[in-house]
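Enquirer: Quick mapping for you: the protein sequence lines, in order, are chains E and C. With this note's numbering applied, the first sequence closes on residue 444, and no number is skipped along the way. With this note's numbering applied, the second sequence closes on residue 193, and no number is skipped along the way.
Simulated from the structure, these hints should not be mistaken for laboratory data. We put the beta carbon where it would ideally sit given N, CA and C, even for glycine. Hints may be right or wrong, so weigh each one.
Computed from the model, here is a short list of chain C residues facing chain E with C-beta under 7 Å [to be verified]: (1) 9; (2) 12; (3) 14; (4) 15; (5) 26; (6) 29; (7) 124; (8) 127; (9) 171.
Every beta carbon over 12 Å from chain E, so not counted as near; a handful from chain C, in silico [as the list claims (entries may be wrong)]: (10) 2; (11) 4; (12) 28; (13) 33; (14) 55; (15) 97; (16) 102; (17) 103; (18) 125; (19) 126; (20) 143; (21) 166; (22) 169; (23) 182; (24) 190.
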Amino acid sequence: MDKSQSISLSEIDKLVADKIITPEQAAIMKQRQQSTSAAKKQNHLTIMLAIIGSILIGAGVITLLAYNWHRFPQALRVILAFAPLLFSHSLMFYVWKFKREQISWCESAAIANTAGVFASLALIAQVFHLSANLDNYFLTCALLILPTMYLLNAVSPLIIYYVAIFSWCISTTTTSFVIGEYLSFFALCAGLLTLPLIIKRLWEKQPAANYLSFISYIYFICALIFFLVQNKVGIFPATLSLAAISLMTALFYHPSALVGPFALGGVYFYLILFYLTKIEYWKIGGWLSGSDFFANINWLAVVLLIITIAFGIYLINKALANKRIFTAMHIGIVAIVAVLLSLIMYWVDDGDNGVLFGQILANATIAGLGCLLIYQGYHEQTVNKSSRGLALICILIIMRFIDADLGLITKGIAFIILGIIFLAANYWLSKKIKQSSTTGSSGN
Amino acid sequence: MNKNNLLLAGLIGLFLVQLLVPISQIISLGNIASSGIEYKFRVEAYDPYDPFRGRYLQFRVADSHLDIPSAMRRLSCKPACYGLLEKDANGFGVIKLISNQKPTSGDYIVHHGKHEYDKFVFPADRYYMNEKLAPQAEQWLRRFRDEFRDADLLSKQFHITARVKNGQMVVTGLYINGEKIEDVVEREISGTK
Chain E
1 MDKSQSISLS EIDKLVADKI ITPEQAAIMK QRQQSTSAAK KQNHLTIMLA IIGSILIGAG
61 VITLLAYNWH RFPQALRVIL AFAPLLFSHS LMFYVWKFKR EQISWCESAA IANTAGVFAS
121 LALIAQVFHL SANLDNYFLT CALLILPTMY LLNAVSPLII YYVAIFSWCI STTTTSFVIG
181 EYLSFFALCA GLLTLPLIIK RLWEKQPAAN YLSFISYIYF ICALIFFLVQ NKVGIFPATL
241 SLAAISLMTA LFYHPSALVG PFALGGVYFY LILFYLTKIE YWKIGGWLSG SDFFANINWL
301 AVVLLIITIA FGIYLINKAL ANKRIFTAMH IGIVAIVAVL LSLIMYWVDD GDNGVLFGQI
361 LANATIAGLG CLLIYQGYHE QTVNKSSRGL ALICILIIMR FIDADLGLIT KGIAFIILGI
421 IFLAANYWLS KKIKQSSTTG SSGN
Chain C
1 MNKNNLLLAG LIGLFLVQLL VPISQIISLG NIASSGIEYK FRVEAYDPYD PFRGRYLQFR
61 VADSHLDIPS AMRRLSCKPA CYGLLEKDAN GFGVIKLISN QKPTSGDYIV HHGKHEYDKF
121 VFPADRYYMN EKLAPQAEQW LRRFRDEFRD ADLLSKQFHI TARVKNGQMV VTGLYINGEK
181 IEDVVEREIS GTK
């Protein structure tokens, strides 16, 4: 059953209370609901156990062989090197023939094949005392397991694939003559190769959707930052723009999600903002490139800024069309601030007044977004949003107090007062929201 | 061709590719190991651990080309550099010449890398051993190090044998005082029991 269409047990009780359905119908619905969720949990558990089982069997067989490995003649060792791979092939064929519809079998076979490829290549390296570096070994294995994921419609080896590709790209940048720009482009393309699989799984709402969203999001963000940095876009403005795009996506598409991948990326935007509220922090860690941005124009940096603005405008228009005024304002602030701060980073050097402007902008943005969230929470009657706004302002004030040259007693008293104000404001807001919702529902 | 047959064809294709990669490695390395020219190299060894591929003794081929001018040793290996091999009076392999040009005659070892090196970097630097034997071998190495503090003296105790062909090398054995390290360590283990 689609999650959005499912109905909670408390809602079923409400339907009975409102006399929309009879208690008998409610009992049937509850039973059905419980059996569906139990089946889902069971399915996840089966997949997990199957994967763990496959890994343990593989590890056990390898350990047993490893104990006597050096006693075997070279020819036997070479033949044995193929055993894990051939075992995984037979398992894959069996799954394809008889268990194709069962996700747990497909995932286990894919993991077994991944382990088989890694083990076989490692054993051959051992037999011939190969010194080939670990990253090349990872890359070969990653490329060999990619088709397995498609053929079995399995995603459990995806994380291994991403780690292998990315570590190869990073390592090769420092140890070989291959140009970093090409490697970073390869990292992006290697990620794109997995997209059809991910989209299919998410579209069909099959298990492991959260796992897929998180790992693919993390991979693509890392690959994008790597690509931008290799193409001479500063790491900080690149990260800031990507975090802003993440935050705008989360604000528009998943406003209630706190732990979704885009929401987590969005949190990074706030963290950067807080970091930039202090002028000293601008000057350490290479935030300022100080180059003449318009004289040495980097077109990729310009494209990134345009994408940030264009995506912001697109979402603002959509939000306004849906009458989500606060969301539109929030997105607008994020897009403009991201672009302005990025420009300062590209343009300004240490001694410039631009840093002061950047610092003021970061402080003002946090204060402004805090106020906006408080008002939005009050207006939409959601304490959660108001609390987030209050938290933003409180953290900002605390940071400025820590900066200020005040005694410990003064700071302590100030923090206590601030805490009391925070709790009182939260209490007052929830009360107000409750009151207005009661008035609203009695009015209706 | 229906979807079922297409999937089966894909599966068979994948099996073939996954088998061909290790088979091609084995053919290429086996060819070097069986028909390559055998060389001995003096080495200095120590013991690390590879979490994916097991325990091995890492070695470094000791200075085998000291007679090469330092300017030539700092040659950039872009896209590759070639070390021409010869045997010294004691039968050990030494690098006689480093060049960006592929040698037209004689045995050579090829190296690809980003940096300039003070020494020619050999493409082989590890000798895999059994989990049980490797720690014992490490103890041996420590004892030898204590005994022969002079690096030159130390390297005279160890050597590897390797087969070289078409610029590639495959290590075939690691020896202590002319005896295979596995035999030495096994005898040591059985002697202590």
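Enquirer: Which earlier hints can't be squared with this structure?
Expert: Going through the list in order, the structure violates hints 1, 2, 11, 12, 13, 14, 18, 19, 22, 23 and respects the others.
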